[in-house]
Structures are given as C-alpha cells and as structure tokens.
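Given the structure of chain A, go ahead and fit chain B onto it with the hints provided.
The listed protein sequences derive, respectively, from chains A and B. For the first sequence, numbering that gives the first Met the number 0 assigns the number 0 to the initial residue and increments by one for each residue that follows. For the second sequence, numbering that gives the first Met the number 0 assigns the number 0 to the initial residue and increments by one for each residue that follows.
Treat the hints loosely; a few may be bogus.
Repeated chains share a single entry, so a pair holds when one copy, or any two copies, can fit it.
[As the list claims (entries may be wrong)] Here are the simulated lysine-lysine pairs, DSS-like style, with alpha carbons at most 27 angstroms apart: (1) Lys537 x Lys577; (2) Lys542 x Lys577; (3) Lys295 x Lys145; (4) Lys537 x Lys580; (5) Lys559 x Lys580; (6) Lys145 x Lys115; (7) Lys477 x Lys321; (8) Lys72 x Lys113; (9) Lys545 x Lys559; (10) Lys580 x Lys542; (11) Lys518 x Lys429; (12) Lys114 x Lys80; (13) Lys259 x Lys145; (14) Lys577 x Lys559; (15) Lys72 x Lys115; (16) Lys395 x Lys321.
Simulated from the structure, these hints should not be mistaken for lab results. Remember, it's a predicted structure, so these values are computed and weren't measured experimentally.
Number of protein chains: 2
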Amino acid sequence: MPEPFSKALFLVENWLSAHYDVPEGETTVDRLFYPRSVVVIGVSESRDNLARIIYENLIEFQFQGEIFLVGRKEGTLHGRKVFTSLEPLNEGIDVAVILTPAPTVLGFLEACGKKKIPWVIIESGGFREYSDEALQLETEILRIAKTRGFRIVGPNCIGVFNSEHGFVVPFASLKRSMAAHGGVSILTQSGGVSFSFYRFLSTTNVGIAKMVSMGNKLDLDEIDYLRYLIQDPRTEVIGLYLESLERGKELMEVARSTPKPIIVHKANTGEGSREIAKLHTAALANDDQVVDAALKQAGIIRTRNFRSFANIVKVLSLPPMKGNNLVVISRSGGMAIVAADSAGSYGFRLFPLAQTFQDQIHSFFRAKVIRPTNPVDLGDLFDFDLYTRILEYVLKIEGVDGILFQHGASGEEREPSRRLVQAMKDLCHKYGKPVAFCYFTDDEELGVIKKAVNFPVFMEPDDALSALAVSRDHYRKKNTPREDPIAFSVHRDRVRRLLQKAIQEGRDPVLPEALAVLKAYGIRVAPSSIVQRQDDLKSALQKIRKPIALKVISPAVSHKSDVGGVALNLRSFTEARKTFKVLEGLDPESSSGFWLKR
Amino acid sequence: MPEPFSKALFLVENWLSAHYDVPEGETTVDRLFYPRSVVVIGVSESRDNLARIIYENLIEFQFQGEIFLVGRKEGTLHGRKVFTSLEPLNEGIDVAVILTPAPTVLGFLEACGKKKIPWVIIESGGFREYSDEALQLETEILRIAKTRGFRIVGPNCIGVFNSEHGFVVPFASLKRSMAAHGGVSILTQSGGVSFSFYRFLSTTNVGIAKMVSMGNKLDLDEIDYLRYLIQDPRTEVIGLYLESLERGKELMEVARSTPKPIIVHKANTGEGSREIAKLHTAALANDDQVVDAALKQAGIIRTRNFRSFANIVKVLSLPPMKGNNLVVISRSGGMAIVAADSAGSYGFRLFPLAQTFQDQIHSFFRAKVIRPTNPVDLGDLFDFDLYTRILEYVLKIEGVDGILFQHGASGEEREPSRRLVQAMKDLCHKYGKPVAFCYFTDDEELGVIKKAVNFPVFMEPDDALSALAVSRDHYRKKNTPREDPIAFSVHRDRVRRLLQKAIQEGRDPVLPEALAVLKAYGIRVAPSSIVQRQDDLKSALQKIRKPIALKVISPAVSHKSDVGGVALNLRSFTEARKTFKVLEGLDPESSSGFWLKR
Chain A
0 MPEPFSKALF LVENWLSAHY DVPEGETTVD RLFYPRSVVV IGVSESRDNL ARIIYENLIE
60 FQFQGEIFLV GRKEGTLHGR KVFTSLEPLN EGIDVAVILT PAPTVLGFLE ACGKKKIPWV
120 IIESGGFREY SDEALQLETE ILRIAKTRGF RIVGPNCIGV FNSEHGFVVP FASLKRSMAA
180 HGGVSILTQS GGVSFSFYRF LSTTNVGIAK MVSMGNKLDL DEIDYLRYLI QDPRTEVIGL
240 YLESLERGKE LMEVARSTPK PIIVHKANTG EGSREIAKLH TAALANDDQV VDAALKQAGI
300 IRTRNFRSFA NIVKVLSLPP MKGNNLVVIS RSGGMAIVAA DSAGSYGFRL FPLAQTFQDQ
360 IHSFFRAKVI RPTNPVDLGD LFDFDLYTRI LEYVLKIEGV DGILFQHGAS GEEREPSRRL
420 VQAMKDLCHK YGKPVAFCYF TDDEELGVIK KAVNFPVFME PDDALSALAV SRDHYRKKNT
480 PREDPIAFSV HRDRVRRLLQ KAIQEGRDPV LPEALAVLKA YGIRVAPSSI VQRQDDLKSA
540 LQKIRKPIAL KVISPAVSHK SDVGGVALNL RSFTEARKTF KVLEGLDPES SSGFWLKR
Chain B
0 MPEPFSKALF LVENWLSAHY DVPEGETTVD RLFYPRSVVV IGVSESRDNL ARIIYENLIE
60 FQFQGEIFLV GRKEGTLHGR KVFTSLEPLN EGIDVAVILT PAPTVLGFLE ACGKKKIPWV
120 IIESGGFREY SDEALQLETE ILRIAKTRGF RIVGPNCIGV FNSEHGFVVP FASLKRSMAA
180 HGGVSILTQS GGVSFSFYRF LSTTNVGIAK MVSMGNKLDL DEIDYLRYLI QDPRTEVIGL
240 YLESLERGKE LMEVARSTPK PIIVHKANTG EGSREIAKLH TAALANDDQV VDAALKQAGI
300 IRTRNFRSFA NIVKVLSLPP MKGNNLVVIS RSGGMAIVAA DSAGSYGFRL FPLAQTFQDQ
360 IHSFFRAKVI RPTNPVDLGD LFDFDLYTRI LEYVLKIEGV DGILFQHGAS GEEREPSRRL
420 VQAMKDLCHK YGKPVAFCYF TDDEELGVIK KAVNFPVFME PDDALSALAV SRDHYRKKNT
480 PREDPIAFSV HRDRVRRLLQ KAIQEGRDPV LPEALAVLKA YGIRVAPSSI VQRQDDLKSA
540 LQKIRKPIAL KVISPAVSHK SDVGGVALNL RSFTEARKTF KVLEGLDPES SSGFWLKR
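Same shape as in the complex, but just chain A (with noise of 0.2 angstroms):
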C-alpha cells in the first residue's frame, strides 16, 4: 500500500545513511560485473522494445554466461525462447536486468527474490527523478530488497559494462568493434552521459575497463563502486561523473586511500539549483569552489569537459611528469612556438639543453638552416630513425622530466610513422618518463595509427601539455607527505541560532555575527565591541588593550578599506575619537563604529 509522502521520504533517507558499506564483501560485487547467468526481464519482439536491446548487446559483446529472458508475450527471439515469468527458471542466477513500465517493477522484485536473485539492475524510469509520488515506488524497492537480501543498481539508468566478460546490458545498441578494451572505470549518474564518456573515448582510442550508470542510486552509489573499482585490477583511472555530492568526505577518503588516480566531472548545478543559480550567482559560484578545493585536497583530478577528461585519461597512461622540465621536438618550427607559448601558459621550463647536444644535431641537419634550441625544430630531417635517437637522447638526459613530440606526417612517410610511435611507446617506458604525442595529420591515418599502435595521440599542443601539466600536479600531490585535517569541535546551535536571529531580522549576517561563528568553530579572534555614538567610545576603549583598531560599520560601506573606513594602530583616546569622527562622515546617514583589538 502507498505510504505517505513524507514518510516514504523518510524511509528512504534512513536507509540511505544506515547502509553505508556493502556488507557482502567484494566476491559478491565482483558477481555484478562477471555474472555466470542473466535474466533479462522485459523483452518483446517488437521492433521498439528497448530490452531486446540489451539482449542484442549481450549477444554482440559475446557474454561468457548464460541467458535467460522474460517478457509479456512468450516467443522466440534470436533463436532464445521468451518466458512470460521467472517461476519455470531454476535458481542461481546472478543478475537480473529489469526495463519494464515502473509501476510494473515491483512485482518482478519479487518474483527476483523468491529465485534468490543477488543483484538486480532496474532500468526503468519513472521513479523519484519523475515525481514525488514515484518516490513511494522507490521505498517499496527498498523494502523488497531489503527484505529478500538482494542489492540493486539504478533504478533509472543504463546499467552495468564489462566487455572483458561481455556483459553490457545498456539499451542503447553498442558495437563491439568500437569498444577498446583498457584501464579506466566509469562511473555516472546519467545513462547518456556515460555514453558520452564512453563513445569520447573509445574516438580517441582510450581502452575501457568497466562501466556504470548508477541512475537514481537508490541502493548502491558511487562510493559503494569506487571500493570495488579500487580493488579491481583492471582498472587503473577512475573516471566519475557527479550531479552531486552528498557522500564527499567518504569519497575524500576513498581518493586518499588509493593510488589510482580518480577523475572526477562534477556538475555543479542540478536542475532546481540552477534556478537558484540564476538569483544568487556569487554564492553557488562560492559553493563550487568549496568542491574545488576539498577534490584538490584529496589528490581528485576535477575535469569540466569531456575532451579535458579523455586527455587526462591519456596522459596518465604514461609514466608521470615528475617536474617542470620540458623538451619539445617538433617536425614544424612554427608548431613549436606555438607548442613553447602553451608550456609556459602551463608553468613548465623548456629545459636548456647543452651545446654539445645542439652541435651533435645540427650535424645531423641537411641544408643548416634550422638552429636546434628547445625547442628543438627538426627541420629538413626527414629520417624518423633519426627522430627515435634524438627522443631517446634527449630522455636520457637528467633534468629532463619529459617530451613533447609533434609530429606530421603524409603519404609515404605513414609506414616510417608507425615505426616511430612504436619506438616512443619504448622508450618512453623504458626512461619512465612522458613523450606525449602529437599529431597533425588527417583523420583517416589518425584512424589508422590509433588502432596500429596503442599509444596516446593528441590532436594539438594544448590538448598534450594542459594533460601533462594534470599528470605533474597529480604526480606532486601523490608525493607531498599527507597533512592531517584540521579537527573542529563545533558549537553548530550555537551559529543556527546566531544566523536564524539575523534572518528574523531580514537583514544579512554581519562582522559581529562572523565573529561570534568563528568562535562558535573553535577559532580564536580579538576582543572587540561596537561603539555607536562617540559618548560610548571610552567605556569601551577600557575593555581592550591598546593599540586598537577603528573599523566602520554600515550597510552603506561595504569594501570599508577602500574608503578609508579602517584606522589601526590608535594608541590612545584622543587618537580614537579623532578617527571616529573621520569614520562617522564616512555614513553620517547611520553611523556607528567598531572595533577590534590589533
């Protein structure tokens, strides 16, 4: 029976905060991602139906378990008989995958449950991301799992990705020759956006571990995942799409546990606080760099687009930049101005090198009339072997902390160029550190030297030093010795009370008031007092020590240094009164004066 709404928000809310672990153990999350059997619950003949879908994906991906499909109608599809409920299916199976109208959901939980089914991935929309109403569905969801003991991810998502085991169940066709199989993990909130990952980095050749959309995360969320992924040794980047961030200090603390590095996309305003958004800009503006910097804090790399996000993913399967010691070498010597401007933008140093290597190259160089400098401009050299000792020449030398190498290339010269990439690919483990890539050629032989060679290609300087300069951060970060946070004891009713009584006022919180919730944080701050008229000002002088300071207080003054509204170092009554009666033209309108011992 439906519940009231507020209680059913309720539940939901107690639930949330009671399960923050889950208590199975990782065997049983590693069932999720490489199942022996599914059942997929939903599933028509019709040409529309989106659970045929997932079917089809598990067929394509070729999925190392057994399948099991259930539908309204009973039939035939791809040679797989269609059930019309799961009574006739044996127990035992691992997954189940539901995408059927939500009102219907419920009852198939619990046929899931009578079967013993651990995990069920609930596809279907319509829940809490509809309405409020539909929140009442998702408390039966809870109750039902929680009763019958299984775990679920979604609802109102695209489920689970693992091409390694071949379980990919989106509803949305995927193919499998596009899916480069690799170290990064997905996680996202939204199914279209973890397409959107998904079909950016399998365009620029970035290898996929697993992935998933969480949808509604009404069971397990991101932290619930990040564990798994953190043990998992596929993956080696975590990516992470939030549209919000309800659970960050675990999620800090997962970042600071693990040397994997996390990427995080966090979109900063949600559908109603976009709204807000539009009234009080400053303070969301503040809010996201609140985000910022507890992500920098706990070692999070924070992307806001998805080339940024794909780059970074490719700088980090390279050695680390363990400095700010750059050599660019390129095949254009107007590219490398380019290339040089941009490495400065980033902070890096274009890492001087010696005569004696200046002199060893210019031999090289056919008509003499390029000077090799860093950058180094390869001119009218045009043999790659040559490139390859060049590269490992200059990734030998000491202070060098990594390459740049921008390269072009067309018609005969594309055989030669694989040669070349493969040597980089060597080298570059070899002396363990960075040669990103670059490549200006069109898309075809991107297409090709992208499948010949598994290597990162960046598509221009910007692109490769904006990521390098991500990996040299990440990398510092990792080795900074870890400060311990700050613990505060905090008097939080004490500033509820403090702000509530500026609010029944209408009016905004002042310096006093910033003052009393500081102290309220456990932050120690100078005596002071408000002085309105000047009669009060020596009564008050007698409370503090000398020198002191004057500062206006008045709605007319907001940037009170500006104007001249704060005097220090006043050193006896007569100074203080002088400074008073400055400050009080400041607003004769309504003025009073404040201070604060130095």
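Chain B alone, transformed into the frame defined by chain A:
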C-alpha cells in the same frame, strides 16, 4: 655585393615602412591566387626533392593553368619537360615558385625579372630566420624586386593554397579529397602552422577558401593579404596566425572596415621574447593584455588554440546568436545537465518555455516519464520527424536567440539522422537563428555525417557553447556604435626624462612620477604635494583646497589602503596633523606623507 649589416637592416626597415599598400591594385593580387601560368623552380627527379612535391600538388589539385618546370638537370617529370633555366620560356608567366638553396635564389630572381613575372613565391629557407648574415640576402632580394618591379611572397614559407583554382604550391604532399572547399581563408607566418589549421579545419569538415603562409614577410605582409581577402567574394571568415604584431594599428583599421569576422591566433612570445619571459613574466603578461584589449576593441576575435579556432569558424557559418536566450534540446537528460552547466558558465540564460509548449511536448512522450522544461529532454521520443517539429516550434518563439541540439544515434537511427541534420540546416537559416548541433557518436558515423550534410558538427556541449558565446559577443560588438578613440597629445620627451631619472637613481618610478606621466599624456590630475616632515605640512596645506586626502609613501607599504595608509576627508590642519602622525607609524624607518586634493 654584400653590404654592411647595419645598412642592410636600415634598408629593410626603410622599405617596409615605405610600401604599406600594394600599389599595383587588387586585380594584380588576384593573379597571385588565380594565375594563368606558373613556373616551379628547383625541380628534380630525385625522390626527396621538395620542389617536385609542389609540382605534384598542382597536378593533384588540377591546376587550371599552364605549368613550367625549371631544375638543375634537364629531364622529364610526369610527362613534363624540366628546363635548366628560364631562358627558353616565353614572357607572360604569372607566378614563379622558387625552392632552391638560399644563395642561389638571387640568380633566379634576376631571371624572373627578365621574364617580367609579376609574382614570385620564395619558399626557400635560410634567410633572416637563420642568421643575421643571411639578412643581406633579403636586402638584395628586395632591391632586385624593386628594380624589376615584381612582388614577393615569403621567403621561408610554403606559399599559396587556392583549391578553387587548383593553385596549391606547398612543398608537402596534400590530398585533394581531404580539403573541403569553403569560406574560410587563413594567413599564417609558419608553414607548419598553416598545415595545422588546414588539418584541423578539414578534419572538422570546415571548408577552406584561400591560405597563405607568409614566411618572413619580406615584401607583402598580413595587412596586404587581408586587404585582398576582405574584398575576395569567396572569403567569408578570415583566420590569422601571427607571431608578431608590427602593424597593429593598421590591423585594427582593416578589421573595423569589414563585416567579415577576423579571428586571430596571436602567439604571445617569440623564441627571443620567451627567454625574457622567464625573467619578466609579469611585464610580458601585461603586454599580452594590451594585445587582448586592442583586438577586442577592433572587433577581432582572439583564439588560443586550434580547436577553438575551428569551433568559432564553425559557429560563424551559422546565423548569429543575437542574445542570451538559449534553449537546450537533448536526447539525454544527463547531457542536458552538462549543457546547462556549460551554458551558465558562458552567460547564457535558459529561456523559460511556456506551459502550453510543455504540455504539447508532453503529449508526444510514450512512457511519460520525462518532464519537458528547458533543457528539453527528448526522453523516450524516437521519432526524428517529431524532433524537427519541436525544433521548428522552438525556433519560432520570439524570445529564443539560439538552440543547442544534442543528438546521439546508433545503428538504424543513422539514416534518419541525416534527414534531421538537413532539416536542422534549413530551419536554422529559415529563422535566422543558430542551431549548434552536438553529435555524440563514433568516428565512423561522424565522418559520414560530416560528408553527407555541410552543417557544422560539435563534439561536446562545451565546444558548441563556447563558440555560440563568441558568436553572441561578436554580434554585439559589431552592432554597438563605434566609439571614436580619444586622441591624446603626448609629451613623450617629458615622460622619457621622468622615467630615465628614476632609472638613473636606481629605483622604480613612484606615485608622484605616475601623476607626472599622466599629466604629460594630457590627463588632468588633482593638485598634490609631498610632505616628508610634519613641520612642512602647514605650508603644503595652504596650496590645496580642503578637504584633503593623505596617503603614505613608503617602500615598505605597497598596498596602502590595506594597512590604513590612506585617509580621506580631512577637513582641518589639526585633523591632517593627527592623521600624519598615525601614518608615520606605518613605517617608522622612512616615513613620508603625500597628499592629494580630494
């Protein structure tokens, strides 16, 4: 005969400042881009001969004129005779392209002169960019050109690219199939950079009209080419890559004189200035800010990397974004949030859609699980013709300035996607509003759709929206009445003396000098006086009307108001004296007061 270096430099400078216009008139410049005949000098049968590639490009791009070849050895290349000198050739050749070692260029120039060839493209390197000595060669080149009456492109360049006429003379192999023909013309200094533009534009399906690599700009420079492109009917947008900005004022004037958008990628530090940049970063940064402000004032769009250049070019092929009101239509709800975030960061407003519209959209949905607001989440709508209707509905709304349409398609949806994009293009121009089309799909489909419909495709919302913001700002700028610049009559000598005095005294200029410099520039400043001892206060005060302001001057105090070093509104001598004492306290070591009339 070689002349002394200083004289050579003088001559070059003198020449450059004397010939700002191309005197022969525009029809002659037309011959450079549309020659009826061309002679390529430096050709040989050897495999790594570069001039040969120039000839092969002319064949590949089906040059619509006559071709002659000149090389050291007689021979035949692709069925065409190679002459050993220009002697046997008739007069009337429009363009000569020279790619021979620098010291041999002079001889060929004399020969070109004798044959009355009006345009010579010198692609050879080894001139001023290589050594100071080689500058002499340039002086000689200019002398010959002036005497013989021909004009020069380069040297040290890859020349001209005009695929419309098949006149493509870079010395690197290009493929005709790769180069879409379109409305963007590009001017660069470096050949490598022009290739990068070429490749970035062609891989993003942006068509190129004309391209010039200007090289050392010995004779013609960006202003000359710009003047031609501005009147060239094939050129709609002009992109400019500059390593230096010598004729900034003229660039501003040319930009102001045309409605064609001009996009500048200005590399802010050259090889030399970058060395200095390490020592004086701040100064250079300021310098770049001046460049920034000047470009903005002239309505020139500045970019800092190739991708944003390509994105801006794409957006400029759409109708302009005339205001801030944006509607986001998205197949993915999650991507709609990403887009909404991005829209906010570029200052767009998500235009509120009327309830009637929302109701109508809602009636289309199947599962009714999505609420249509702005962003419009297309949810479970799979009918692409309906997308077109929604698009037209939104474009019709009076307040809407532009649309971001986020599409994703797989498998069977690809064919209908082409129809959708074609409809989008038509509607976009019918209603004179931009539709930025973001397509999340794989490389293969991207390649196909780009070739199928000549409509710009963006890779992610951030790309599309940053470009739409440029469109909006450019539209605003071009439609804001131009403010005439204020003319100052400046006493430069006075400024020079002031600053030299400070340098001689081994110190930085201080506030009083700043005021004196302002005065020398004709800017009125309030009367003021420096007071070092309290005793001098009275006499100084008599010269200035009250109320006065008092400011500390001290090397120890750089941010005066932060430390209370500024007092305003002092109305009497007593007040001033008191405050003077207070300010003295800020720096007891070397106190000095300075005052300024209110």
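Hint-by-hint comparison with the structure:
1. Taking the shortest Cα distances, Lys537 and Lys577 sit within 27 angstroms of each other both inside one copy (12 angstroms) and across copies (19 angstroms).
2. Taking the closest pair of Cα atoms, Lys542 and Lys577 come within 27 angstroms of each other both inside a single copy (19 angstroms) and across two copies (24 angstroms).
3. Neither within a single protomer nor between protomers do Lys295 and Lys145 lie at most 27 angstroms apart by alpha-carbon distance, with minima of 37 angstroms and 62 angstroms respectively.
4. For the homomeric pair Lys537 and Lys580, the shortest alpha-carbon distances inside one copy (14 angstroms) and between copies (21 angstroms) are both at most 27 angstroms.
5. For the identical chains of this complex, Lys559 and Lys580 are neighbours both inside a copy (15 angstroms) and across copies (21 angstroms), given an alpha-carbon limit of 27 angstroms.
6. Taking the shortest alpha-carbon separations for Lys145 and Lys115, only the intra-copy value of 12 angstroms comes in at or below 27 angstroms, while the best inter-copy value is 93 angstroms.
7. With identical chains, the CA atoms of Lys477 and Lys321 are at most 27 angstroms apart within one copy only, with a shortest distance of 11 angstroms there and 47 angstroms across copies.
8. In this assembly of identical chains, the alpha carbons of Lys72 and Lys113 lie at most 27 angstroms apart only when taken from the same copy (21 angstroms versus 90 angstroms across copies).
9. Taking CA atoms no more than 27 angstroms apart as the test, Lys545 paired with Lys559 passes in both settings, with 21 angstroms inside one copy and 22 angstroms between copies.
10. Proximity of Lys580 and Lys542 under a CA criterion of 27 angstroms is satisfied in both settings, with 21 angstroms inside one chain copy and 25 angstroms between copies.
11. Proximity of Lys518 to Lys429 under the C-alpha cut-off of 27 angstroms is found in neither arrangement, the shortest distances being 56 angstroms within a copy and 63 angstroms between copies.
12. Proximity of Lys114 to Lys80 under the C-alpha cut-off of 27 angstroms is restricted to the intra-copy arrangement: shortest distance 19 angstroms within a copy versus 85 angstroms between copies.
13. In this assembly of identical chains, the alpha carbons of Lys259 and Lys145 never lie at most 27 angstroms apart, being 32 angstroms within a copy and 66 angstroms across copies at closest.
14. When the C-alpha separation of Lys577 and Lys559 is checked against a cutoff of 27 angstroms, the pair qualifies both within a copy, at 18 angstroms, and between copies, at 21 angstroms.
15. Proximity of Lys72 to Lys115 under the C-alpha cut-off of 27 angstroms is restricted to the intra-copy arrangement: shortest distance 24 angstroms within a copy versus 86 angstroms between copies.
16. Within a single copy, Lys395 and Lys321 get their C-alpha atoms as close as 15 angstroms, which meets the 27 angstroms cut-off; across copies the closest is 55 angstroms, which misses it.
Hint check: violations occur at hints 3, 11, 13; the rest are consistent with the structure.
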